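With the sequences and hints as input, model every part of the structure.
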Amino acid sequence: MKRTPFAVIFSLTLLLVVGPAPASAASSANYKRTMERYSVPDVTLVNQDGKRVRLLDLVDGGKPVVLDFIYGTCTTICPVLSANFTNFQRKLGEGVGKVQLVSISIDPENDTPMVMKKYLKNYLARPGWDFLTGSREDIDRVMRAFSAYVPNKMSHYPIMFLRAPRGDQWVRIYGLIGTKDFLAEYEKVARP
Amino acid sequence: MKTNFVMRWRRSLRAGAAVLVMLLLSQSAPGASDNDPLLAGMAPAEIMRLGENMYRNGTLPSGEPVQAVVQGDIPVAGTMFTCANCHMRSGVGSIEGTIITPPTNGAELYRPKKPGARHSEAQEQRRPAPFITPHDRPAYTDASLGHVLASGIDPAGSVLDPIMPRYLLEPRDLAILVHYLKNLSADLSPGVSEETLDFATIVAGDVDPADRDAMLMPLKLFIANRNARVPLFQGRKRTGIFAEEMDLSYRKLSLSVWELTGTPDTWRSQLEAYYRKKPVFAVLGGIAKGDWLPIHAFCNQNGIPCIMPSTDKPVLSEDNWYVLYLSRGPAQEGESAARFLHMRKDLAGDAGRIVQVYRDRGKGPVIARAFRETLLEMGLLPPREVVVKAGAPLDAGLLKGMGPGVVAALWLDADDLARMRFADKRSGPATILASGGMLGERLNAVPDQVRRSTYITYPYRLPKDRKATHQVVTTWLKQNRIPASNLRISADVYAMGSMLTDVFMHMKRNYYRDHFLDVFDMQRDQTYTVLNYPRLSFGPGQRYASKGCYLVQLTEGPAPELVPMTDWVAH
Numbered sequence: 001m002k003r004t005p006f007a008v009i010f011s012l013t014l015l016l017v018v019g020p021a022p023a024s025a026a027s028s029a030n031y032k033r034t035m036e037r038y039s040v041p042d043v044t045l046v047n048q049d050g051k052r053v054r055l056l057d058l059v060d061g062g063k064p065v066v067l068d069f070i071y072g073t074c075t076t077i078c079p080v081l082s083a084n085f086t087n088f089q090r091k092l093g094e095g096v097g098k099v100q101l102v103s104i105s106i107d108p109e110n111d112t113p114m115v116m117k118k119y120l121k122n123y124l125a126r127p128g129w130d131f132l133t134g135s136r137e138d139i140d141r142v143m144r145a146f147s148a149y150v151p152n153k154m155s156h157y158p159i160m161f162l163r164a165p166r167g168d169q170w171v172r173i174y175g176l177i178g179t180k181d182f183l184a185e186y187e188k189v190a191r192p
Numbered sequence: 001m002k003t004n005f006v007m008r009w010r011r012s013l014r015a016g017a018a019v020l021v022m023l024l025l026s027q028s029a030p031g032a033s034d035n036d037p038l039l040a041g042m043a044p045a046e047i048m049r050l051g052e053n054m055y056r057n058g059t060l061p062s063g064e065p066v067q068a069v070v071q072g073d074i075p076v077a078g079t080m081f082t083c084a085n086c087h088m089r090s091g092v093g094s095i096e097g098t099i100i101t102p103p104t105n106g107a108e109l110y111r112p113k114k115p116g117a118r119h120s121e122a123q124e125q126r127r128p129a130p131f132i133t134p135h136d137r138p139a140y141t142d143a144s145l146g147h148v149l150a151s152g153i154d155p156a157g158s159v160l161d162p163i164m165p166r167y168l169l170e171p172r173d174l175a176i177l178v179h180y181l182k183n184l185s186a187d188l189s190p191g192v193s194e195e196t197l198d199f200a201t202i203v204a205g206d207v208d209p210a211d212r213d214a215m216l217m218p219l220k221l222f223i224a225n226r227n228a229r230v231p232l233f234q235g236r237k238r239t240g241i242f243a244e245e246m247d248l249s250y251r252k253l254s255l256s257v258w259e260l261t262g263t264p265d266t267w268r269s270q271l272e273a274y275y276r277k278k279p280v281f282a283v284l285g286g287i288a289k290g291d292w293l294p295i296h297a298f299c300n301q302n303g304i305p306c307i308m309p310s311t312d313k314p315v316l317s318e319d320n321w322y323v324l325y326l327s328r329g330p331a332q333e334g335e336s337a338a339r340f341l342h343m344r345k346d347l348a349g350d351a352g353r354i355v356q357v358y359r360d361r362g363k364g365p366v367i368a369r370a371f372r373e374t375l376l377e378m379g380l381l382p383p384r385e386v387v388v389k390a391g392a393p394l395d396a397g398l399l400k401g402m403g404p405g406v407v408a409a410l411w412l413d414a415d416d417l418a419r420m421r422f423a424d425k426r427s428g429p430a431t432i433l434a435s436g437g438m439l440g441e442r443l444n445a446v447p448d449q450v451r452r453s454t455y456i457t458y459p460y461r462l463p464k465d466r467k468a469t470h471q472v473v474t475t476w477l478k479q480n481r482i483p484a485s486n487l488r489i490s491a492d493v494y495a496m497g498s499m500l501t502d503v504f505m506h507m508k509r510n511y512y513r514d515h516f517l518d519v520f521d522m523q524r525d526q527t528y529t530v531l532n533y534p535r536l537s538f539g540p541g542q543r544y545a546s547k548g549c550y551l552v553q554l555t556e557g558p559a560p561e562l563v564p565m566t567d568w569v570a571h
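As you go down the protein sequences, you meet chains A and B in turn. Note that the first sequence covers residues 1 to 192 in my numbering. Note that the second sequence covers residues 1 to 571 in my numbering.
The set of hints was computed from the structure by calculation and includes no laboratory data. Here the structure is a predicted model, which is why all the values come from computation and not from measurement. Ideal Cβ positions, reconstructed from N, Cα and C, are used throughout, including at glycine. Some hints here could point you the wrong way.
[Said to hold, decoys possible] Cβ-Cβ distance ranges computed for the label pairs, FRET-style: (1) A/S147 / B/K389: 53 to 63 Å; (2) B/D312 / A/S147: 49 to 59 Å; (3) B/T555 / A/E137: 21 to 31 Å; (4) A/D42 / B/S158: 29 to 39 Å; (5) A/S147 / B/P365: 30 to 40 Å; (6) A/S147 / B/I100: 20 to 30 Å; (7) B/L38 / A/Y149: 26 to 36 Å; (8) A/Y149 / B/M343: 52 to 62 Å; (9) A/G97 / B/S62: 41 to 51 Å; (10) B/L398 / A/S147: 54 to 64 Å.
Have a look at this one:
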């Protein structure tokens, strides 16, 4: 068999890897972006290390914040949201510490600190990404505050929020996005 | 970490190149058979084992994680999520929120997806919009399945949603995965016939006859009630939108009662003999005098689902897939008590010493072990242990001997607690912990004078929250002339029955044991049908449905009220 030149294989591979890029670009239209004002409730949650964390302290820590609602055994939506967080942190490189990522569990009964720690490890999370659990009552308060309340975890939908440091407006993104769109949205928040 | 990831990513690019070569080759050999030359010399069982490891664990035959790209530009590794995360263990797919994940099991992939494949065209046209298939496709072949996994383009030329990862696999690994998918849920499980679904329940050891009835009578009633509705559902063939599907999926249920006698070490061979005689699809409920371990091992090793047995001794294991327990049993109490002390360090008294007292049999040692292990996990000192032999007299002055300021965890039953002499707080323990699971209905065995310093683990729904469900369950039992010989047990069977109705509906005709559990895993949280627990919750791999335990205090008097001092789940 005649060997296929490496350059051809490589170009085809690149095509394959970035092939869906037009689909990704098209996906820009597939998510809904709105600006919202939310009042973050003063609740104390528990992070992956078992430490008690005041949510307000975390989101008002002087860094841009990205927040989502996930759970450890989620089947479809959260893995994609979380893989996006992983890739986002990777793209930030040395600047990873300048952004605070917050994932809030919507299955607080199962998501113990141990479960959350393992989850973050599986997603190669770097410092600056916290996974929070807590009482169902507190979690419900947070979901309601972000207009993201679902009575049951199986009914949740893909949603994430971005906010500038000390900003009073949140960008609400409804739908699953790729890293390119994520970075573009982040840039708008971090460097308006 | 970053370097590793990038290296893996680069390796993946090389792997992607390899896949392309395979795809180019595969174009000239469509419909490659099971005799894929790439898999030559490999035993089918070995291919399945390697494929299963890729599908379920995201691990390549080399031991490295599978690599893929999702949403167009997000690289993902098999450590993050796997095929089974979305398509579920059975491959029949999942529905979560607004996302529907289609099936990837052999039976579905290798048949065309188009009107008429399973429904008549007229039926297809009556489907409500959300159920219309986005795009139909011909049946997959091995080659086209390999192609779609790598490129996201199906045999009809349609591009899959970017949420479906595009896999970067070496040709041989891709062939292994294709072989696995082709054989995944390809045939219905044992215990399924054209008309019947066969189940068993288990009564093991010297079970109290009242408890046996409390489990068996409601379960038999549930099955009889459901079977009585078969003609009604058969009549829907001519009317509903999914009539044919419903009609063909609605089968009569049969229930065998497997009675296990003798010592637990002989149960396994009895179970195997019953199974040989009549294989069943799954085990429903069940009750045992003693450990559930022999039944747990039988079910897990043979891949037989076992749903919500009535047992105080569930097996706590991360490897458990096939037994869905109601709760973690007594261990939940020990764990919650330890977490409570961690949160309330003020209760530990001056000396900060913890002593736990329990007998060497029954629930006590289980609670004690979980309590000790969780204390250590939380960075607290291990407790001092006072173990009393079963049947031996309990030293009534034990508490006085401990001295003031300690935390005394008394994992004892009501008779033992009632025999104890309780000193007041100045000379006795600063805090007492007790087990609601062990005290049962006799929480008032805790004397009035120490109730202010006593905290009781309570792994159940609070009495004040039980009233409505209590009314429903007791009325149901009464209407059907079932004596409430053990309401706790019967209520659990009632909750299971109400879930099963839902589960059967969602299974449709996919009678695969793994799918049966997958559907349980996708169930909504259960609250109002559950008498004993505030909430049963589910999720892939979550095998202990009730996950909480209150710490309560008692008001004074012979019929005390329970005052919760914690949330149902406290971390």
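Among all the numbered hints in the text so far, which are the ones the structure does not match? 2, 4, 5, 7, 8 and 9
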